[in-house]
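Peer 1: Residue strings, one per chain:
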Amino acid sequence: MSQALKYALYTGCTARESTPELLKSTLAVAKKLGIELVLLDEASCCGASHLQDFDDFLSLVLNARNICYAEQLELPMVTICNTCQLNTAMTKERLDSDPALRARVNEALSEVGLTYKGSVSVRHFLYALIEDYGLDRLKEHVVRPLSQLNIAPFYGCHNIRPSQLHHKMNQTHESPYVPTSLDQLIEALEGKSVDYDHKNKCCGFHVDLQAPRTSNILTGNAIIDAFDNDADLMVTPCPLCHLNLDVKQKAALKTINREAKLPILHLPQLIGLALGCTPEELGLQHNVVEVPFI
Amino acid sequence: MTKITIKLFRFNAQTDYLPHYDTIEMEIDERKDVVLDVLNRIKWEHDGSFTYRRSCRHGICGSCAIKVNGRTTLACKERMEDMIALFGRELTFEPVSKKRAIKDMVVDKGDFWAKYAQVKPWLEAPIDEHPKMEHIIPPEEAEKLEESDYCIQCGCCYYACPVVEVNEEYLGPAAFEKAFRFVADVRDKAKRERLEIVDRLGQGVWDCVKCFECAEACPKHIDPIGKITKLHNEIFQEGVAKSNVATRHAVGFKHSIEKHGILDEGHLVAYSEGFGVFKHLPEAFEMWKRGKIVMPWQMPKSKKLDEIRKLVKIASSVKF
Chain A
0 MSQALKYALY
10 TGCTARESTP
20 ELLKSTLAVA
30 KKLGIELVLL
40 DEASCCGASH
50 LQDFDDFLSL
60 VLNARNICYA
70 EQLELPMVTI
80 CNTCQLNTAM
90 TKERLDSDPA
100 LRARVNEALS
110 EVGLTYKGSV
120 SVRHFLYALI
130 EDYGLDRLKE
140 HVVRPLSQLN
150 IAPFYGCHNI
160 RPSQLHHKMN
170 QTHESPYVPT
180 SLDQLIEALE
190 GKSVDYDHKN
200 KCCGFHVDLQ
210 APRTSNILTG
220 NAIIDAFDND
230 ADLMVTPCPL
240 CHLNLDVKQK
250 AALKTINREA
260 KLPILHLPQL
270 IGLALGCTPE
280 ELGLQHNVVE
290 VPFI
Chain B
0 MTKITIKLFR
10 FNAQTDYLPH
20 YDTIEMEIDE
30 RKDVVLDVLN
40 RIKWEHDGSF
50 TYRRSCRHGI
60 CGSCAIKVNG
70 RTTLACKERM
80 EDMIALFGRE
90 LTFEPVSKKR
100 AIKDMVVDKG
110 DFWAKYAQVK
120 PWLEAPIDEH
130 PKMEHIIPPE
140 EAEKLEESDY
150 CIQCGCCYYA
160 CPVVEVNEEY
170 LGPAAFEKAF
180 RFVADVRDKA
190 KRERLEIVDR
200 LGQGVWDCVK
210 CFECAEACPK
220 HIDPIGKITK
230 LHNEIFQEGV
240 AKSNVATRHA
250 VGFKHSIEKH
260 GILDEGHLVA
270 YSEGFGVFKH
280 LPEAFEMWKR
290 GKIVMPWQMP
300 KSKKLDEIRK
310 LVKIASSVKF
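Top to bottom, those sequences are chains A and B. Here the first sequence is numbered in numbering that gives the first Met the number 0, starting from 0 and rising by one per residue. Here the second sequence is numbered in numbering that gives the first Met the number 0, starting from 0 and rising by one per residue.
Errors might be hidden in some of the hints.
[What the hints assert, rightly or not] Computed, partial: chain A to chain B, Cβ under 7 Å:
(1) SER43
(2) LEU50
(3) VAL60
(4) TYR132
(5) GLY133
(6) LEU134
(7) PRO175
(8) LYS191
(9) HIS205
(10) LEU208
(11) THR213
For the record, the hints were derived by calculation from the structure and aren't laboratory data. Note that beta-carbon positions come from the ideal geometry of N, C-alpha and C, so glycine has one too.
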């Protein structure tokens with residue numbers, strides 16, 4: 000087999016605060032698969048697609064700085080949050096295609112002795128796993144097939160849209176209208192992927208504070224669509240989607256006047272279950288909607 | 000030739016209580032045909048009463064938008080080859096908004112136009128009634144419009160937007176795109192007025208969920224969400240921004256990054272909400288029980304925080 004894979008992991012903030020289970024399970028899965036992850040502890044928040052609304056240049060400089068630390072390690076960068084992926088990839092794309100902007104950003108970065116070079120790739124861990132490790136190889140490590148489970152994939156906007164950006168960053172040219180990567184991953188773990196209309200829709204997380212009703216309806220609609228299509232659980236590669244789907248599930252369903260209970264797993268939690276990781280290793284005790292099938 | 004099956008939405012608001020779907024099979028030349036060719040053939044060869052809007056056939060009039068397998072599509076521009084590659088040979092044709100359907104593919108676009116009108120989609124400028132030449136702007140100024148003047152008001156972005164679907168007040172991506180078109184125009188004198196309209200909570204840009212559906216849907220590749228971001232920036236730069244939960248949410252990231260490098264989630268919610276923070280307590284308690292809340296004294300910090308603080312100081316370009 001090919002040599003061991005090694006990445007610089009940009010954890011994002013959520014994985015270190017409100018979704019500690021995401022970081023735990025990512026590290027547990029990487030260990031099982033022999034993938035080495037070097038944590039970028041120097042990194043700052045990406046601005047979560049809100050800082051740029053206030054101060055675009057500051058957002059660019061901070062994201063460029065984060066990439067600089069992966070460049071120093073000479074390692075491809077992986078993210079575990081769709082919105083971190085969007086902000087980091089968008090920064091990379093803008094700096095790589097606009098020399099004048101890159102020069103301005105580098106002028107600021109030079110004040111702290113850094114230079115953005117554009118020398119490393121930026122991908123979500125989901126795509127690094129599919130493109131570099133391969134689903135066939137992943138299959139070989141499955142010790143607890145998920146064959147009893149109907150699993151609803153929830154892709155999350157910022158991994159698949161804007162598709163132009165996604166296509167530039169990944170070899171997997173996912174269609175934002177018919178995404179397949181999570182479905183394929185579920186099948187590789189021998190689960191049954193649930194087909195439902197909301198799999199590529201928005202959860203509304205980004206307006207949680209200013210427009211909770213909008214956010215609750217979008218989240219509720221997604222959960223209930225999966226539930227009505229016989230899903231036993233839902234999986235998402237994005238911790239922000241996870242916060243809405245899991246922590247706010249009760250409130251969201253109340254807003255749309257429906258009753259249901261659907262466990263929501265982070266992507267590495269699902270993979271970890273199939274690889275035989277323990278519930279503790281996967282941080283399942285942190286999930287608000289209980290995960291009963293262990 | 001390729002054989003396809005179309006599931007076609009049929010509805011007549013004057014006679015029908017509920018819509019139904021016709022199933023139509025036909026052979027098409029997928030390399031040559033666009034979606035509009037198929038709509039024409041349905042009318043000519045299958046049912047003359049089938050109704051849809053179309054006019055120019057050149058992606059200019061913006062009449063012929065429909066949904067193909069849920070995706071808003073300008074019928075005269077989209078090639079059947081691409082639709083088949085995306086969705087296969089069984090395709091569903093529906094109007095852009097089923098709940099606004101009048102007859103088959105024709106919808107009542109009144110909501111779209113009413114919101115469009117709210118942003119004053121015209122140039123506000125002192126007009127010389129007897130000009131000697133056109134009122135032109137130099138090329139470098141025209142570039143600042145970032146092709147926002149290419150919009151054909153087809154509604155593809157608007158009817159793809161999930162917020163439009165659930166919030167009747169929300170002006171939507173097409174109106175914002177148009178607001179930006181004049182906000183960015185050096186000749187326009189109503190910049191502040193327009194920014195105040197799109198700044199209003201509930202109807203304005205702060206209710207955008209950042210899903211990028213509009214960017215995917217736009218047949219002219221105008222990138223409406225990119226324009227929405229620019230409007231956010233202008234709202235701050237022009238001093239239109241009021242202190243509210245949405246503006247504090249955007250600014251709060253800077254404060255957090257300056258203090259910890261990474262985001263202080265709890266503080267961000269408290270800072271954004273002010274007294275409103277109390278409504279989050281039941282949720283916060285659930286999270287605390289599950290070990291999802293980091294206490295202020297345990298708040299992690301980025302390494303090399305001094306570096307981050309220095310960059311925040313020198314790279315900040317906006318005040319609030």
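Peer 1: For this structure, which hints from the list above don't hold up?
Peer 2: Failing hints, ascending: 4, 5, 6 and 8.
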